Amino acid sequence: MAILEANQIHKSFGNKFNKQEVLKGIDIRVDKGEFVSIMGASGSGKTTLLNVLSSIDKVSLGSIKIEGKEFTGMKEKELAEFRKHHLGFIFQEYNLLDTLTVKENVLLPLSIKKVSKKDANQRFQKIATELGIYELKDKYPNQISGGQKQRTSAARAFIHDPSIIFADEPTGALDSKSASDLLNKLSELNLKIDSTIIMVTHDPVAASYCSRVVFIKDGQIYTQLNKGEQSRQAFFNDIIKTQGVLGGVQNEH
Amino acid sequence: MNINYLIYRNLKKNIKNYYLYVFALIFSVGLYFAFVTLQYDPATDEAKGSVKGAAALGAASVLLVAIVAIFLLYANTIFIKRRSKEIGLFQLIGLTKGKIFRILSAENLILYFGSMVIGIFAGFAASRLILMILFKVIGVDAEAALSFSTEALIQTVIVFAVIYVLIMIMNYTFIQRQSILSLFRAVSTTENQIKKMSFLEMLFGLLGIGLILLGYYVSTKLFSGDFTSMNELFMAMILILGSVIIGTYLFYKGSVSFIFNAIRKSKGGYLSVNEVLSLSSIMFRMKSNALLLTIITTVSALAIGLLSLSYISYYSAEKSARQSVPNHFTVANSNDLAAYIQALTDENIEFKQTKRDVIQVNADLSQVIGANLEVVSGPGEQQPMVIPVISDESVEGIDVSPEETLFTGSSDAIQQFMSIQATGDIELTSPNQQIKQQLIGLEKDSYVSYYFASGGLPAAIVDHTVFDKLAQDLDPKIQKETNVYYGIDLVDPIAIDQANQIFKDLGISESTGNLSQSELIMNQKSNMGLMMFIVGFLGLTFLITSGCILYFKQMDEGEEEKANYTILRKLGFTQGNLLKGIQMKQLFNFGIPLIVGLFHSYFAVKSGWFFFGTELWLPMVMVMLLYTALYSIFGLLSVLFYKRIIKEAL
Ligand SMILES: Nc1ncnc2c1ncn2[C@@H]1O[C@H](COP(=O)(O)OP(=O)(O)OP(=O)(O)O)[C@@H](O)[C@H]1O
Ligand SMILES: [Mg+2]
Chain S
1 MAILEANQIH
11 KSFGNKFNKQ
21 EVLKGIDIRV
31 DKGEFVSIMG
41 ASGSGKTTLL
51 NVLSSIDKVS
61 LGSIKIEGKE
71 FTGMKEKELA
81 EFRKHHLGFI
91 FQEYNLLDTL
101 TVKENVLLPL
111 SIKKVSKKDA
121 NQRFQKIATE
131 LGIYELKDKY
141 PNQISGGQKQ
151 RTSAARAFIH
161 DPSIIFADEP
171 TGALDSKSAS
181 DLLNKLSELN
191 LKIDSTIIMV
201 THDPVAASYC
211 SRVVFIKDGQ
221 IYTQLNKGEQ
231 SRQAFFNDII
241 KTQGVLGGVQ
251 NEH
Chain H
1 MNINYLIYRN
11 LKKNIKNYYL
21 YVFALIFSVG
31 LYFAFVTLQY
41 DPATDEAKGS
51 VKGAAALGAA
61 SVLLVAIVAI
71 FLLYANTIFI
81 KRRSKEIGLF
91 QLIGLTKGKI
101 FRILSAENLI
111 LYFGSMVIGI
121 FAGFAASRLI
131 LMILFKVIGV
141 DAEAALSFST
151 EALIQTVIVF
161 AVIYVLIMIM
171 NYTFIQRQSI
181 LSLFRAVSTT
191 ENQIKKMSFL
201 EMLFGLLGIG
211 LILLGYYVST
221 KLFSGDFTSM
231 NELFMAMILI
241 LGSVIIGTYL
251 FYKGSVSFIF
261 NAIRKSKGGY
271 LSVNEVLSLS
281 SIMFRMKSNA
291 LLLTIITTVS
301 ALAIGLLSLS
311 YISYYSAEKS
321 ARQSVPNHFT
331 VANSNDLAAY
341 IQALTDENIE
351 FKQTKRDVIQ
361 VNADLSQVIG
371 ANLEVVSGPG
381 EQQPMVIPVI
391 SDESVEGIDV
401 SPEETLFTGS
411 SDAIQQFMSI
421 QATGDIELTS
431 PNQQIKQQLI
441 GLEKDSYVSY
451 YFASGGLPAA
461 IVDHTVFDKL
471 AQDLDPKIQK
481 ETNVYYGIDL
491 VDPIAIDQAN
501 QIFKDLGISE
511 STGNLSQSEL
521 IMNQKSNMGL
531 MMFIVGFLGL
541 TFLITSGCIL
551 YFKQMDEGEE
561 EKANYTILRK
571 LGFTQGNLLK
581 GIQMKQLFNF
591 GIPLIVGLFH
601 SYFAVKSGWF
611 FFGTELWLPM
621 VMVMLLYTAL
631 YSIFGLLSVL
641 FYKRIIKEAL
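Chains as they are written, first to last, in the UniProt record's numbering: chain S, 1 to 253; chain H, 1 to 650.
One or more of the hints may lead you astray.
Unchecked claim - With a cut-off of at most 30 angstroms between alpha-carbon atoms, the simulated DSS-like pairs for lysine-lysine come out as follows:
| id | chain 1 | residue 1 | chain 2 | residue 2 |
| --- | --- | --- | --- | --- |
| 1 | H | Lys265 | S | Lys118 |
| 2 | S | Lys118 | H | Lys267 |
| 3 | S | Lys77 | H | Lys647 |
| 4 | S | Lys16 | H | Lys12 |
| 5 | S | Lys114 | H | Lys647 |
| 6 | H | Lys287 | S | Lys77 |
| 7 | H | Lys265 | S | Lys126 |
| 8 | S | Lys75 | H | Lys562 |
| 9 | H | Lys580 | S | Lys117 |
| 10 | S | Lys114 | H | Lys562 |
| 11 | S | Lys77 | H | Lys12 |
| 12 | H | Lys562 | S | Lys58 |
| 13 | H | Lys647 | S | Lys19 |
| 14 | H | Lys13 | S | Lys58 |
| 15 | H | Lys287 | S | Lys19 |
| 16 | H | Lys647 | S | Lys16 |
| 17 | S | Lys69 | H | Lys267 |
| 18 | S | Lys75 | H | Lys643 |
| 19 | H | Lys562 | S | Lys137 |
| 20 | H | Lys13 | S | Lys113 |
| 21 | H | Lys12 | H | Lys267 |
| 22 | S | Lys139 | H | Lys267 |
| 23 | S | Lys32 | S | Lys126 |
| 24 | H | Lys13 | S | Lys137 |
| 25 | S | Lys139 | H | Lys553 |
| 26 | S | Lys114 | H | Lys553 |
| 27 | S | Lys16 | H | Lys81 |
| 28 | S | Lys139 | H | Lys287 |
| 29 | S | Lys117 | H | Lys267 |
| 30 | H | Lys13 | S | Lys114 |
| 31 | S | Lys137 | H | Lys267 |
Keep in mind the hints are simulated off the structure, nothing from the lab.
Predicted model, so just to flag it, every value in this text is computed and none were measured.
I would like the entire structure built from these sequences, with the hints used as guidance.
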């Protein structure tokens with residue numbers, strides 16, 4: 001079942017006289033429970049794509065449906081409403097509020113949804129234990145490490161059981177150990193609670209954790225790779241190869 | 001890209017950002033210029049002369065400079081800190097510190113002196129209006145015409161040039177002290193803001209509230225007779241000031257974050273947006289701004305308090321004049337009286353005469369006086385008091401029995417000192433007899449002028465039989481020159497000015513005991529009017545500068561927290577959600593200092609208002625409402641600023 005369906009999305013920046021078309025007609029379909037990553041050269045429009053898919057930015061043309069609900073025409077208020085019920089976010093910079101503790105940060109999305117306090121506590125305990133941040137719950141963001149921050153941010157994305165989680169280079173600021181820790185947790189959660197994750201990344205290692213990789217070039221989908229039954233290593237090699245063809249630059253991995 | 005281009009670009013960007021700074025600058029210059037123009041203008045000689053207000057105006061202008069200078073310097077620290085990143089960037093691309101300083105100075109020079117020129121024009125334009133207001137409050141009938149005063153111009157330019165130099169020195173030391181790295185870091189001050197609440201802090205918080213309450217408590221006791229010597233009184237005042245100010249500081253340092261922390265703890269980590277935006281952000285910031293907030297609160301309290309007191313006095317001028325002189329005119333000397341009556345008759349001014357016999361009698365009031373008398377009469381000398389006594393026959397509508405006495409015309413100040421009870425036993429003493437009387441009440445209206453009532457003591461009304469007994473047996477040592485009170489009331493009050501003129505022309509007003517009610521009112525109004533005008537001027541300047549400072553702080557915070565709004569909006573909070581939280585935050589941010597300031601001033605005014613007039617509530621509440629309204633404007637402005645930030649956040 002398709003949870004996200006985007007048809008012919010276009011996005012351009014600038015005004016009439018100075019227009020830059022960043023997305024030039026992208027079709028993308030993500031099924032429930034998929035873990036998809038989007039790759040492409042710097043400036044190819046990945047972040048832009050993620051932003052429009054996640055309703056943070058508006059498309060210039062085209063339609064996007066999440067769980068069958070079209071949202072391209074919605075008002076800012078409806079969009080916000082839509083985001084808080086259906087979407088979760090993990091950003092490249094951890095995007096935690098400095099003035100809130102880990103627990104308060106994680107519980108933020110629940111506070112708008114009128115979830116009871118008891119329920120909220122239960123959910124927090126579950127997700128925080130899974131991501132290994134339960135002991136940090138009363139610490140402030142500047143008292144914990146980058147990896148822990150990113151896991152906090154992931155916990156916040158998962159806490160309200162969103163239909164889709166969007167992640168923009170979630171491992172960008174992490175060392176390879178913390179990065180693989182986080183990715184393992186993400187794919188675990190992806191399997192365990194059948195959540196759908198769409199992730200933008202530069203890192204072929206990160207991409208190899210996914211079930212599918214979409215490559216973007218010049219605002220269009222260049223190709224897609226499915227992991228299928230192959231091992232992560234084999235999938236990784238495929239990704240490297242495609243990247244090489246795509247960017248013209250050989251990755252030294 | 002040359003330096004001039006950089007300066008130009010910076011300037012363009014900054015004018016938009018700092019419009020309030022520019023506004024505040026224009027305003028300060030305008031206000032100051034208007035003030036010195038008044039000070040130098042011959043048109044105000046009358047106002048000055050009538051109250052020897054020149055010295056007051058001069059002192060006020062010095063204070064004005066102090067407020068404005070502190071404000072501009074403070075605002076500059078905020079702005080230079082905000083630009084540290086930019087300065088770091090300039091350094092990074094290879095500009096020397098000297099060059100950066102020159103860019104900043106040039107930019108400031110244009111902004112600053114541009115605003116100054118505008119401010120001087122605005123100030124000149126406003127000074128006529130201000131003069132009109134001044135004339136109105138002090139009751140002078142004169143044409144408000146002003147000429148441009150070069151003296152005022154020079155003084156203004158010098159004062160603000162000196163402030164400019166100070167600002168430049170500050171910028172210079174700031175730039176010199178910073179390395180590229182620390183410049184980049186200056187903005188991210190969140191690091192040290194987040195610390196856990198300690199037990200000590202909690203203690204300080206409680207101590208702060210305790211100290212404030214102690215100060216309030218002592219202030220209510222200040223003039224109620226518990227402090228008997230001048231020395232003790234002085235010590236008590238110092239205690240009040242000290243404990244309230246230190247208490248306020250601790251309140252901001254500890255109590256606010258303590259209370260907020262307690263609320264936050266009780267939520268168990270589950271905060272709503274409103275709480276996220278208000279509680280968590282204020283908690284940390286109030287602490288680091290404790291000193292600033294204490295200063296703002298204290299000076300606001302001072303401004304509100306002084307304004308209230310002068311307005312109380314202005315407002316109750318008529319009432320207290322009526323208490324001092326119950327009729328339009330009173331003439332103690334019978335020759336003067338005859339002359340005055342003759343003059344009034346000649347001018348065809350109709351009038352009514354009142355005549356009352358007033359005798360001075362020793363009275364033992366120890367049973368009805370609540371307070372320790374040493375305050376009033378000095379330690380050790382508890383001699384009986386001398387009070388004026390009149391017969392109930394001479395007062396229309398009042399009749400007391402031979403055992404009863406009614407006190408009239410007791411002033412608020414005396415009442416506060418002595419706290420005379422409305423009923424009780426008193427004793428009237430003449431050389432050969434002692435008459436026991438029952439006090440049956442205290443009335444505010446007075447029936448004789450204050451010439452007879454020594455030091456504001458009430459006048460006693462007794463039955464005519466008692467009065468006759470006392471009058472037969474007077475103690476000559478304590479009698480006034482005359483024992484008759486003559487009051488004159490005009491039938492038609494319109495003629496009051498004419499009657500006043502005659503009163504003055506005949507030279508009657510010169511000798512003691514001869515008083516004109518309307519003269520008294522006018523005197524008090526013009527005294528208090530000028531006071532009020534000066535205090536109002538300073539208060540307004542202070543209000544605007546402190547409002548601006550709080551606003552600048554909010555601008556700073558808003559920009560620092562912009563990233564937070566981005567996150568929150570991405571998570572699905574609407575602009576409306578966030579704005580509600582911000583409104584709550586501003587309610588606290590501006591409301592807490594205001595409310596604390598209002599409370600401080602309330603207790604300050606309450607402790608001593610009776611020296612100034614007869615009416616406490618109405619004038620005080622009016623001053624407070626006005627202050628609150630003007631002050632709220634800055635809260636509203638900052639909400640609007642946040643609105644923009646939130647809108648731009650996504
Ligand atoms: N708000 C904007 N206004 C104008 N142009 C923009 C805006 N956002 C992005 N662009 C342009 O769109 C193009 C794609 O940007 P985008 O951020 O999507 O790239 P990206 O693939 O995420 O790159 P990177 O891997 O470096 O993050 C860039 O050329 C950029 O200049
Ligand atoms: Mg990007």
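Tested hints:
1. For the hint pairing Lys265 of chain H with Lys118 of chain S, the CA-to-CA distance comes to about 15 angstroms; that is within 30 angstroms, so the pair holds.
2. Taken as a hint, the Lys118 of chain S and Lys267 of chain H pair is honoured in the structure, with Cα atoms around 11 angstroms apart against an allowance of 30 angstroms.
3. A C-alpha spacing of about 12 angstroms is found between Lys77 of chain S and Lys647 of chain H, which places the hinted pair at or below 30 angstroms, so the restraint holds.
4. Simply put, Lys16 of chain S and Lys12 of chain H have alpha-carbon atoms about 26 angstroms apart, close enough for the 30 angstroms limit, and the pair holds.
5. Distance hint between Lys114 of chain S and Lys647 of chain H is fulfilled; the C-alpha atoms sit about 25 angstroms from each other, no more than 30 angstroms.
6. Of the supplied pair hints, the one linking Lys287 of chain H and Lys77 of chain S is violated, its CA atoms being roughly 35 angstroms apart against a limit of 30 angstroms.
7. Annotation: proposed proximity of Lys265 of chain H to Lys126 of chain S holds, straight-line Cα distance about 21 angstroms (limit 30 angstroms).
8. For the hint pairing Lys75 of chain S with Lys562 of chain H, the CA-to-CA distance comes to about 22 angstroms; that is within 30 angstroms, so the pair holds.
9. With a C-alpha separation of about 22 angstroms, the suggested pairing of Lys580 of chain H with Lys117 of chain S holds against the 30 angstroms cut-off.
10. Taken as a hint, the Lys114 of chain S and Lys562 of chain H pair is honoured in the structure, with Cα atoms around 25 angstroms apart against an allowance of 30 angstroms.
11. Our distance criterion of 30 angstroms between C-alpha atoms is broken by Lys77 of chain S and Lys12 of chain H, whose separation comes to about 34 angstroms.
12. About 21 angstroms separates the Cα atoms of Lys562 of chain H and Lys58 of chain S, which keeps this hinted pair within 30 angstroms; it holds.
13. Taking the CA atoms of Lys647 of chain H and Lys19 of chain S, the gap is about 24 angstroms. The hint holds against a cut of 30 angstroms.
14. A C-alpha spacing of about 29 angstroms is found between Lys13 of chain H and Lys58 of chain S, which places the hinted pair at or below 30 angstroms, so the restraint holds.
15. Taking the CA atoms of Lys287 of chain H and Lys19 of chain S, the gap is about 49 angstroms. The hint is violated against a cut of 30 angstroms.
16. In summary, the hint linking Lys647 of chain H to Lys16 of chain S is supported, as the alpha carbons are separated by about 24 angstroms, within the 30 angstroms threshold.
17. For the hint pairing Lys69 of chain S with Lys267 of chain H, the CA-to-CA distance comes to about 35 angstroms; that exceeds 30 angstroms, so the pair is violated.
18. The straight-line distance between the Cα atoms of Lys75 of chain S and Lys643 of chain H is roughly 18 angstroms, inside the 30 angstroms bound, and the hint therefore holds.
19. With a C-alpha separation of about 24 angstroms, the suggested pairing of Lys562 of chain H with Lys137 of chain S holds against the 30 angstroms cut-off.
20. Distance hint between Lys13 of chain H and Lys113 of chain S is unfulfilled; the C-alpha atoms sit about 41 angstroms from each other, more than 30 angstroms.
21. Restraint check: the Cα-Cα separation between Lys12 of chain H and Lys267 of chain H comes to about 46 angstroms, which exceeds 30 angstroms; the hinted pair is violated.
22. Annotation: proposed proximity of Lys139 of chain S to Lys267 of chain H holds, straight-line Cα distance about 16 angstroms (limit 30 angstroms).
23. Under the criterion of a C-alpha separation no larger than 30 angstroms, the hint pairing Lys32 of chain S with Lys126 of chain S is consistent with the structure, at around 22 angstroms.
24. The hinted pair formed by Lys13 of chain H and Lys137 of chain S fails the criterion: a straight-line CA distance of about 42 angstroms is larger than 30 angstroms.
25. A threshold of 30 angstroms between alpha carbons decides the hint, and for Lys139 of chain S with Lys553 of chain H the separation of about 27 angstroms falls inside it, so the pair holds.
26. For the suggested pair Lys114 of chain S and Lys553 of chain H, the alpha carbons sit about 33 angstroms apart, so the restraint of at most 30 angstroms is broken.
27. About 39 angstroms separates the Cα atoms of Lys16 of chain S and Lys81 of chain H, which puts this hinted pair outside 30 angstroms; it is violated.
28. Annotation: proposed proximity of Lys139 of chain S to Lys287 of chain H holds, straight-line Cα distance about 19 angstroms (limit 30 angstroms).
29. Taking the CA atoms of Lys117 of chain S and Lys267 of chain H, the gap is about 9 angstroms. The hint holds against a cut of 30 angstroms.
30. As the CA atoms of Lys13 of chain H and Lys114 of chain S are separated by approximately 43 angstroms, the hinted pair breaks the 30 angstroms bound.
31. Among the hinted pairs, Lys137 of chain S with Lys267 of chain H is consistent with the structure: their alpha-carbon atoms are about 14 angstroms apart, no more than 30 angstroms.
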